[in-house]
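Engineer: If you want the building blocks of each chain, they are given just below.
Number of protein chains: 2
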Amino acid sequence: MKPIQVGLLGIGTVGSGTFNVLQRNQEEIRRRAGRGIEIAMVADLDTERARSVVGDTAKVVGDAREIIANPEIDVVIELIGGYGIAKALVLEAIAAGKHVVTANKALLAVHGSEIFKAAAEKGVMVAYEAAVAGGIPIIKALREGLTANQIQWVAGIINGTTNFILSEMRDKGLDFDVVLKEAQRLGYAEADPTFDIEGVDAAHKVTLMSAIAFGIPVQFDKAHVEGITKLSAADIKYAEQLGYRIKLLGITKRTDKGIELRVHPSLVPTKRLIANVEGAMNAVVVHGDAVGTTLYYGKGAGSEPTASAVIADLVDIARLHTADPEHRVPPLAFQSNTLVAAGGELPVLPMSEVVTSYYLRIRVADEAGVLAKITSILAGAGISIDALLQREAGEVSGDSEGSQGVPQTDLIILTHATREGDMDAALAQIQQLPTVLAPINRIRKEELN
Amino acid sequence: MKPIQVGLLGIGTVGSGTFNVLQRNQEEIRRRAGRGIEIAMVADLDTERARSVVGDTAKVVGDAREIIANPEIDVVIELIGGYGIAKALVLEAIAAGKHVVTANKALLAVHGSEIFKAAAEKGVMVAYEAAVAGGIPIIKALREGLTANQIQWVAGIINGTTNFILSEMRDKGLDFDVVLKEAQRLGYAEADPTFDIEGVDAAHKVTLMSAIAFGIPVQFDKAHVEGITKLSAADIKYAEQLGYRIKLLGITKRTDKGIELRVHPSLVPTKRLIANVEGAMNAVVVHGDAVGTTLYYGKGAGSEPTASAVIADLVDIARLHTADPEHRVPPLAFQSNTLVAAGGELPVLPMSEVVTSYYLRIRVADEAGVLAKITSILAGAGISIDALLQREAGEVSGDSEGSQGVPQTDLIILTHATREGDMDAALAQIQQLPTVLAPINRIRKEELN
Numbered sequence: 001m002k003p004i005q006v007g008l009l010g011i012g013t014v015g016s017g018t019f020n021v022l023q024r025n026q027e028e029i030r031r032r033a034g035r036g037i038e039i040a041m042v043a044d045l046d047t048e049r050a051r052s053v054v055g056d057t058a059k060v061v062g063d064a065r066e067i068i069a070n071p072e073i074d075v076v077i078e079l080i081g082g083y084g085i086a087k088a089l090v091l092e093a094i095a096a097g098k099h100v101v102t103a104n105k106a107l108l109a110v111h112g113s114e115i116f117k118a119a120a121e122k123g124v125m126v127a128y129e130a131a132v133a134g135g136i137p138i139i140k141a142l143r144e145g146l147t148a149n150q151i152q153w154v155a156g157i158i159n160g161t162t163n164f165i166l167s168e169m170r171d172k173g174l175d176f177d178v179v180l181k182e183a184q185r186l187g188y189a190e191a192d193p194t195f196d197i198e199g200v201d202a203a204h205k206v207t208l209m210s211a212i213a214f215g216i217p218v219q220f221d222k223a224h225v226e227g228i229t230k231l232s233a234a235d236i237k238y239a240e241q242l243g244y245r246i247k248l249l250g251i252t253k254r255t256d257k258g259i260e261l262r263v264h265p266s267l268v269p270t271k272r273l274i275a276n277v278e279g280a281m282n283a284v285v286v287h288g289d290a291v292g293t294t295l296y297y298g299k300g301a302g303s304e305p306t307a308s309a310v311i312a313d314l315v316d317i318a319r320l321h322t323a324d325p326e327h328r329v330p331p332l333a334f335q336s337n338t339l340v341a342a343g344g345e346l347p348v349l350p351m352s353e354v355v356t357s358y359y360l361r362i363r364v365a366d367e368a369g370v371l372a373k374i375t376s377i378l379a380g381a382g383i384s385i386d387a388l389l390q391r392e393a394g395e396v397s398g399d400s401e402g403s404q405g406v407p408q409t410d411l412i413i414l415t416h417a418t419r420e421g422d423m424d425a426a427l428a429q430i431q432q433l434p435t436v437l438a439p440i441n442r443i444r445k446e447e448l449n
Numbered sequence: 001m002k003p004i005q006v007g008l009l010g011i012g013t014v015g016s017g018t019f020n021v022l023q024r025n026q027e028e029i030r031r032r033a034g035r036g037i038e039i040a041m042v043a044d045l046d047t048e049r050a051r052s053v054v055g056d057t058a059k060v061v062g063d064a065r066e067i068i069a070n071p072e073i074d075v076v077i078e079l080i081g082g083y084g085i086a087k088a089l090v091l092e093a094i095a096a097g098k099h100v101v102t103a104n105k106a107l108l109a110v111h112g113s114e115i116f117k118a119a120a121e122k123g124v125m126v127a128y129e130a131a132v133a134g135g136i137p138i139i140k141a142l143r144e145g146l147t148a149n150q151i152q153w154v155a156g157i158i159n160g161t162t163n164f165i166l167s168e169m170r171d172k173g174l175d176f177d178v179v180l181k182e183a184q185r186l187g188y189a190e191a192d193p194t195f196d197i198e199g200v201d202a203a204h205k206v207t208l209m210s211a212i213a214f215g216i217p218v219q220f221d222k223a224h225v226e227g228i229t230k231l232s233a234a235d236i237k238y239a240e241q242l243g244y245r246i247k248l249l250g251i252t253k254r255t256d257k258g259i260e261l262r263v264h265p266s267l268v269p270t271k272r273l274i275a276n277v278e279g280a281m282n283a284v285v286v287h288g289d290a291v292g293t294t295l296y297y298g299k300g301a302g303s304e305p306t307a308s309a310v311i312a313d314l315v316d317i318a319r320l321h322t323a324d325p326e327h328r329v330p331p332l333a334f335q336s337n338t339l340v341a342a343g344g345e346l347p348v349l350p351m352s353e354v355v356t357s358y359y360l361r362i363r364v365a366d367e368a369g370v371l372a373k374i375t376s377i378l379a380g381a382g383i384s385i386d387a388l389l390q391r392e393a394g395e396v397s398g399d400s401e402g403s404q405g406v407p408q409t410d411l412i413i414l415t416h417a418t419r420e421g422d423m424d425a426a427l428a429q430i431q432q433l434p435t436v437l438a439p440i441n442r443i444r445k446e447e448l449n
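From first to last, the protein sequence lines stand for chains A and B.
Mind the numbering: the first sequence is residues 1 to 449 in the UniProt record's numbering, read in order.
Mind the numbering: the second sequence is residues 1 to 449 in the UniProt record's numbering, read in order.
None of these hints come from the bench; they were simulated from the model.
Some hints could be false.
It does not matter which identical chain is meant; a pair holds if it fits inside one copy or across any two.
No more than 30 angstroms apart at the CA atoms, straight line, and that leaves these computed lysine-lysine pairs for BS3-like [what the hints assert, rightly or not]:
id : residue 1 : residue 2
1  : Lys271    : Lys172
2  : Lys222    : Lys237
3  : Lys222    : Lys2
4  : Lys271    : Lys230
5  : Lys230    : Lys87
6  : Lys2      : Lys271
7  : Lys87     : Lys172
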């Protein structure tokens, strides 16, 4: 049978990896897929670079539309990224009857509904395993491996840059800014690291997982997004003393009221496997009502790990493209006519309605009665305390004598589960106390069991 | 569309779980599969028990062949277990044109080639996600998620009973026999635990993973199988002091000479995630040339976790059964006409050809020159030493004065990688030394990075 003809849009890191792995393992892949998979055309603005990767094995063009217009091409791989030209090209490829493979989480998290609709109308597949957690086959696990389950929650370390930074902060006791510079020097963080460190990249990915876990449309605009820039070495150290690690998690959870969809730093018990995922590695925990807790771990980025996911999608397409479109795996796991409407019976909840537990660090004047005032405000708001530490502020920051010349103490409080809105109100009150000397640090805490 | 009609053979723990989860989540499952999945008939020798589970929702029969003979049944689920009647019924179901879902690792590890061949000839699917690692979608990950890769090795904790026993031995410092009795009392081990504690169950599962990882036929008869019955609390404690945990691993590895296929206790560095998998949980590490190291974790047994895998297979069948049989996922991951013949270019290697590193515990008389003799034998065999501990035997066993009245010492040695055959020869020599007072304990060591 004739090999599947593939056109590659963009041949940077992931594109080169895809080309190289397809070449190196072509025999093995053909034995699995039942037919060959061939990159026949490559489009890149830098045609020089493209030629240096593919040599004479594929036609190199500067204009992606030459690939889309070519009737010989069965599948288009979009590795350009972003919402602009990538969106136009993906929609044009679909309109031309091509199957599409993409690693573009930003595009799908924001414009997924439009793209999947167009694909369904045209009877083509849009595959995106590489968009979430790189080489880990997590989309497949959620969409096919756990179909028996009512998924209850998904929580993942899905951004390698921030996990590398947090691991280094903990290992070396350094603050965020210092480690970020080191990460940039080592190539673990980009020159403009905003999307990573502010949690946007993780939010794109958890938005996709939320949709396929719960059968809802992609709703990136409803996600709560918070990064790691405000974390201090002190918080990481205190968390450790209490038996927790701090990880940037993308979390989505089904509750009676609706769907939680949020990215923020979280305390996780040190004894959980996911708390021990270090460096740039990724891991996703999925809890289903039948299967219980499962975890998937691997490299979340990089040339060949991401290529591994892109090619797995190509093999799926090679296997499935002769199947009745009605019987293929639906792109969002649920049949498109059964997706719950945005804001319908499973609305994405505002952050104030999220229920979770908290780590609080409150810098206070070291004088009598402070603790009593704070605990009484918490009790008044119905928030109960799970653990409490009191630490000389000087232990960490080296300046236990604050600018006002009063001795200062850090109160570290772990709470039981409470509504975020109630916590906001209580913290606003506590912040007003004259004995509270600095903005309160509040980090959410997840048990993940 | 009419619901898929399913016949269930055997309604014990997993069968009941399958029935219950299908009932509870039927709406969610239908939204994913695109059509309903209905257990229409149940066969069990104990028709009373069967009726108490399914009530009036399904027809209960005592004779499984009534299900196979029924033209309305699309899929047969085999949950009887064993090689006997289960094999006959699976082959008859295939002959009758039914798709088959089974959790029967013993059957497939031994008779898989015959069964898959019959299914291919008939154009039906045989799905077996539940046969390996319960609810963890590891078959899907290997067979579909990692298709881009040349898989290099797979290593897994794939027997919950033995992992529970090893976890308890470590936690409580108890010996094997004591913990086994406790595990039996708690229901974690069966009255006859042979298949679990001797490694046979794990060997069935790793045989299946070996086939789908490397494109070779199932070859259970070539597997090296060793259980945990000879492990002592002392070994677990010494391993811990050296930075390792002891786990019963199923390992299969591709080497230049062929395929390693083996089950035995292994030291694993404590810092690896898999070393921290405790209790009855399962985890499988897969290393591919493109993706690097990935890990899959979850419950490996139990009613609903196993049902989760059975139902995932049913959904796959519901989605794929209209597909061209040539384009479905092949049961052993590779197209059947591309499987390497048993003993062909990828033979399963005898254990003497396996290359790994070792933990040795040698009980010796505490006298001058003993260590020199042992290390010189190892050096002569080309085996180099990575670490060495010397411990008063009394620290552990409480009898540092042996029966011969000489003070005794435990020498604990970690070696670098060596051929098992060379290690066997060296150990035979060392065992002959008059100063070696007891049978040498030898445990293999895997770095898994």
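Engineer: It remains to establish, for every hint, whether it holds in the given structure.
Structural biologist: Going through the hints against the structure:
In this assembly of identical chains, the alpha carbons of Lys271 and Lys172 lie at most 30 angstroms apart whether taken from the same copy (21 angstroms) or from different copies (18 angstroms). For the identical chains of this complex, Lys222 and Lys237 are neighbours neither inside a copy (32 angstroms) nor across copies (51 angstroms), given an alpha-carbon limit of 30 angstroms. Taking the shortest alpha-carbon separations for Lys222 and Lys2, neither the intra-copy value of 45 angstroms nor the inter-copy value of 37 angstroms comes in at or below 30 angstroms. When the C-alpha separation of Lys271 and Lys230 is checked against a cutoff of 30 angstroms, the pair qualifies both within a copy, at 25 angstroms, and between copies, at 29 angstroms.
Within a single copy, Lys230 and Lys87 get their C-alpha atoms no closer than 33 angstroms, and across copies no closer than 61 angstroms, so neither meets the 30 angstroms cut-off. In this assembly of identical chains, the alpha carbons of Lys2 and Lys271 never lie at most 30 angstroms apart, being 51 angstroms within a copy and 47 angstroms across copies at closest. Proximity of Lys87 and Lys172 under a CA criterion of 30 angstroms is satisfied in neither setting, with 42 angstroms inside one chain copy and 58 angstroms between copies.
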